[in-house]
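Enquirer: Last residue of the sequence shown: 391 in the working numbering, with the numbers rising by one and none dropped.
Mixed in with the good hints there might be a few duds.
Listed below are the simulated DSSO-like cross-link pairs for lysine-lysine, each with C-alpha atoms no more than 27 Å apart in a straight line [stated by the list, open to error]:
#1 K367 with K158
#2 K112 with K231
#3 K252 with K310
#4 K158 with K112
#5 K332 with K275
#6 K161 with K187
#7 K231 with K195
#8 K252 with K231
#9 K318 with K335
#10 K310 with K275
#11 K352 with K332
#12 K318 with K332
#13 K367 with K310
#14 K310 with K299
#15 K275 with K161
#16 K318 with K161
#17 K335 with K367
#18 K158 with K299
#19 K332 with K299
#20 K318 with K275
#21 K310 with K158
#22 K275 with K335
#23 K352 with K275
#24 K299 with K275
#25 K352 with K231
#26 K187 with K252
#27 K352 with K161
#28 K352 with K252
#29 K318 with K231
#30 K187 with K112
#31 K187 with K275
#32 K275 with K195
#33 K179 with K112
#34 K318 with K299
#35 K112 with K310
#36 K231 with K179
#37 K158 with K332
Read the hints as simulated data drawn from the structure, not as lab findings.
As the structure is a computational prediction, the values presented were derived from the model and not from experiment.
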Amino acid sequence: MAQSKTLEPGVGFEYPPVKVTWNKPFKTESEDITDFRAIENALPSIPGVPHFSPLDVVDGSRSLKILKPLPLTSDEHPGSSFSIHKTVLGVYDKGNSGSVLKVLHRLIDDTTGDVYVEIVVTSFYIGRGNWDGPRGLKNFEIEIPNREPDAVERIQTNKESSLLYRLNGDYNPLHAEPEQGKQMGFGGVILHGLVSWNLSAHVILKTWGGSDGTRMKEFEARFRKPVRPGDGLVVEMWKGEKVNEYGEGWWEVKFRTRKADGEVVLSGGRAVIKLVNDSEVEAEKITMKKQGAVKSRL
């Protein structure tokens, strides 16, 4: 657990690596139901920063970069052992509203040292500010084009969506117990932020990359508003610029996800996708516009 010399508290602090099966940070290597409160409270304290309760946290933003394709089966890399390494990038005091914790997560194959995935996770702790910490810089957000989207998809969640998503190990009571949601000011249960985030990624990859996971290199978005189980979502997508660092055929896709009533829940969205075929994508966009740019998805 090292920390670099810096004027900002917490920057460079490293949590102990956590062994995982694939990339499940909450369940780690366990096949049983885990205790969300106990796991989060057992994390070491960040020097110079007050303790933040795991029951006060919501997602702020996430930025994913895939450096190597994940193996689909253990047979692909026999003997491999994966762990998640986390380094604090910043802790910011936002006053009465709360505090922001920004952490770099890296998924590493411990047998080779290869880094497969990097994710910058920004978490917001509601009402946990006013500890005389740095406020941090103003958030930069990717601009969405001021024109009609090139593609639009609809997603329908259901009343069980948050309960099903909990099976990956994120047993935060905010997503199952109405009383916890009321205490945090949400009026009841809300979906995990990553449900909207992951569903949006799935739609974008299907629309532009033929549902081929190897055709996505980057994905990011900022969480704006909560989504309740059963809400409908609308993902609006715009084809952006070429991304040359990955070779031929890679393009930026900007996106925004709204609720059916128009309220934005994910903003500043961006993905880097290798298009299946430029002409096929153009044809699909034209078809979708003619059909009202709407496709239903369960």
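Enquirer: For a quick check of understanding: which of the numbered hints are violated here, in increasing order?
Expert: Result: hints 2, 3, 5, 6, 8, 9, 10, 15, 16, 22, 24, 26, 27, 30 break, sorted rising.
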